[in-house]
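> The hints should help you fit chain B onto chain A, whose structure is shown.
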Amino acid sequence: MAEKQLNELKKGEKGKIVRITGNSSVFRRLLDLGVVKGSEIEMKGVAPLGDPIEIKIKGYNLSLRKSEAAGIIVEVQ
Amino acid sequence: MNKKQITVALVGNPNSGKTTLFNSLTGARQHVGNWPGVTVEKKEGICSSGGYEIKVVDLPGVYSLTAYSPDEVVARKFIIEEKPDVVVDIVDASNLERNLYLSVQLMELEAPMILALNMMDEAENRKYKIDIEKLSAGMGVAVVPMVASKNKGVPELLSEIVKIAEGKKSCSGVKIAYGREVEKQIEVIEKALSEDSLAGKYSPHWLAIKLLEGDEEIIRKFEGVSGVK
Numbered sequence: 001m002a003e004k005q006l007n008e009l010k011k012g013e014k015g016k017i018v019r020i021t022g023n024s025s026v027f028r029r030l031l032d033l034g035v036v037k038g039s040e041i042e043m044k045g046v047a048p049l050g051d052p053i054e055i056k057i058k059g060y061n062l063s064l065r066k067s068e069a070a071g072i073i074v075e076v077q
Numbered sequence: 001m002n003k004k005q006i007t008v009a010l011v012g013n014p015n016s017g018k019t020t021l022f023n024s025l026t027g028a029r030q031h032v033g034n035w036p037g038v039t040v041e042k043k044e045g046i047c048s049s050g051g052y053e054i055k056v057v058d059l060p061g062v063y064s065l066t067a068y069s070p071d072e073v074v075a076r077k078f079i080i081e082e083k084p085d086v087v088v089d090i091v092d093a094s095n096l097e098r099n100l101y102l103s104v105q106l107m108e109l110e111a112p113m114i115l116a117l118n119m120m121d122e123a124e125n126r127k128y129k130i131d132i133e134k135l136s137a138g139m140g141v142a143v144v145p146m147v148a149s150k151n152k153g154v155p156e157l158l159s160e161i162v163k164i165a166e167g168k169k170s171c172s173g174v175k176i177a178y179g180r181e182v183e184k185q186i187e188v189i190e191k192a193l194s195e196d197s198l199a200g201k202y203s204p205h206w207l208a209i210k211l212l213e214g215d216e217e218i219i220r221k222f223e224g225v226s227g228v229k
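Heads up: the protein sequence lines correspond to chains A and B, in order.
For the first sequence, the working numbering gives the first residue as 1, with consecutive numbering after it.
For the second sequence, the working numbering gives the first residue as 1, with consecutive numbering after it.
The following block holds chain A by itself, in its conformation from the complex (with noise of 0.2 Å):
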């Protein structure tokens, strides 16, 4: 299986968070939002320009900036 940086799933694939990096207070509020390692995680789209993208996590859509997606890993299933 391959890892990716989250910003780089296409629509409508899925993963599993191995790995997250980037600065304490984003980190911490990512943690919080139930971005953890081990979360399944769906990319569900990305804006026109490419940034932010909209993801599925625990349930819930969520959007994140394209650089702070690029501080998640994920292994593509």
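Be aware that a few hints might be false.
[What the hints assert, rightly or not] Derived CB-CB ranges, DEER-like: (1) Gly38/A - Asp131/B: 17 to 27 Å; (2) Ala2/A - Gln30/B: 48 to 58 Å; (3) Gly50/A - Gly167/B: 48 to 58 Å; (4) Glu13/A - Val32/B: 42 to 52 Å.
Just so you know, the hints here were simulated from the structure itself, not pulled from any lab data.
All residues carry an ideal CB built from backbone N, CA and C; glycine is no exception.
Only chain B this time, still in chain A's reference frame:
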């Protein structure tokens, strides 16, 4: 004779229905102000039930109780320092997993709490089946299913609030185990803190966890306390 007063704080994720519940509890008898020092709205209202006058405080919507945003600081400060008689944690039933994270943090604060499982209609639309009894047993707190926008469950919630305020019902919640390594550290810090008077109004267990977590606000407060680095 004045009626006995209960203070109730409403806490929950953004968009879980705190304000809807607040409005259905207090109607027009509310007052909007500011929390001192930060531009976070403070809303208080009064309602009565079971011979009590209940002061309801609508706290800002938060995802957790860390110290990263003013909202979170306000919410947790209120719970720790004002010690409301009952904390009502409003949980979006259609989004249980994310919402319960905050619930667990509230339990760690050892606040007397009730889980208000809001938006049950929305959860049903999504074909979710929630075992209320099991959830209540698992969390160790009372769980009240409700649809705040349709006033469903509001009387039940009020009667639970009164029961807890009268001390007729336990509401301590379960304790989270962090594994042996972390627990050992928590114990060491707890012990050091118990000898310090500053720790008085906080739960030492919660303080120890926050210090280990590197919570800036708490670290600032306890800098220089014996045994705490």
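> If you check the beta carbons of Ala2/A and Gln30/B, does the distance land in 48 to 58 Å?
Since the Cβ atoms of Ala2/A and Gln30/B sit about 54 Å apart, the hinted range of 48 to 58 Å holds.
> Indicate whether the distance between the beta carbons of Gly50/A and Gly167/B respects the range 48 to 58 Å.
57 Å Cβ-Cβ, so the 48 to 58 Å window holds.
> Glu13/A and Val32/B, beta-carbon distance inside 42 to 52 Å?
holds, 45 Å
> Holds or violated: 17 to 27 Å for the Cβ distance of Gly38/A and Asp131/B?
The hint (17 to 27 Å, Cβ to Cβ) holds, given that Gly38/A and Asp131/B are roughly 24 Å apart.
Figure legend: structure checked against the earlier numbered hints; every hint is met.
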